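Student: Sequence:
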Amino acid sequence: MKNTWLVALLVAAAVPAFGEDAGTLGKIKASGVITLGVRDASIPFSFLDDKQEAVGYSVDLCMKVVEAVKRSLKMPNLEVKKQVVTSANRIPLIANGTVDLECGSTVNNIERQKIVNFSITTFLVNTKFIAKKSSNIHALKDLKGKTVSVTAGTNTLGKILDINKAQNLDLTIIQGKDHPESFLYVETGRTVAFAEDDILLAGLAANSKTPNEFNLVAIDGMLADPYSLMLGRDDPAFKKVVDDTLRHVFSSGEIFAIYDKWFAKPIPPRGVTMNFPQSEQWKRIVAHPTDSPDPKDYR
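With the first letter of the sequence shown counted as 1, position 50 gets the number 50 in the working numbering; the numbers rise by one all the way through.
Keep in mind the hints are simulated off the structure, nothing from the lab.
Computed from a predicted structure; not experimentally measured.
A portion of the hints provided could be inaccurate.
[Stated by the list, open to error] The calculated DSS-like cross-link candidates involving lysine-lysine, where the alpha carbons are at most 27 Å apart (straight line), are:
no.	residue 1	residue 2
1	K132	K177
2	K240	K82
3	K133	K159
4	K29	K74
Can you build the whole structure from these sequences, using the hints too?
Tutor: What follows is the structure, given as structure tokens:
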């Protein structure tokens, strides 16, 4: 019996405690660095300003998490590294631990949860097309037989492939390497429309040279998707820090000032205002936080 207890004590001593020596928090503590994944042009969630500094709504939320990690680990001088990621490499870089927390415009869905994990929902978006007003694209049926662009590695690509097949649209789909390239195809006439999350499309149009030349085209029956901060799987200690931080930002009302900063006021680099008011759906997730990946939970 004594030997059994001794073995148990030795095993317990050898297993690191969450938040100190294990998982993402242990990695951060050991290295003295937290690495955030940021985007270069996911306006206004995560993008590079005129000084090449990563800024945006999601970046601000991530920085709240950074402050919480500093307090939790008692590391006030923790170094913050911001690494630009793309739609194609963001999930692998989180999965392999290169990036600790992704601060972008990433949809939380069931398929992705097989590889990575997500915070509670921070925003809700609807998939739409953007097209030039001169193209006379007003509904999905107007795209039949046309060439459209979608960004490689996005949740949207699968949706458009499914819609194309289900509705026999006979679309030719060109994949841009990132959102600016996909939008550029529309600007230059290579494609007639670009499919992506409505707020990202609005941001690209607002920051273009001719913002009034574009229309958003709704897709009937499309449910809203939840944006979340992305983190590694099987790391409950780090997820708790992230979620607890966001819940505090929500319940304290700080989130409303952060929202207004990026969606209601002029933003860099051109001082463009998004004019994207708070939706009732968004207000509900602030009042009742959830990390559900099911779009039906956000109706």
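Student: All hints, please: hold or fail.
Tutor: Hint check results:
no., hint, verdict
1, K132 x K177, "21 Å, holds"
2, K240 x K82, "22 Å, holds"
3, K133 x K159, "24 Å, holds"
4, K29 x K74, "9 Å, holds"
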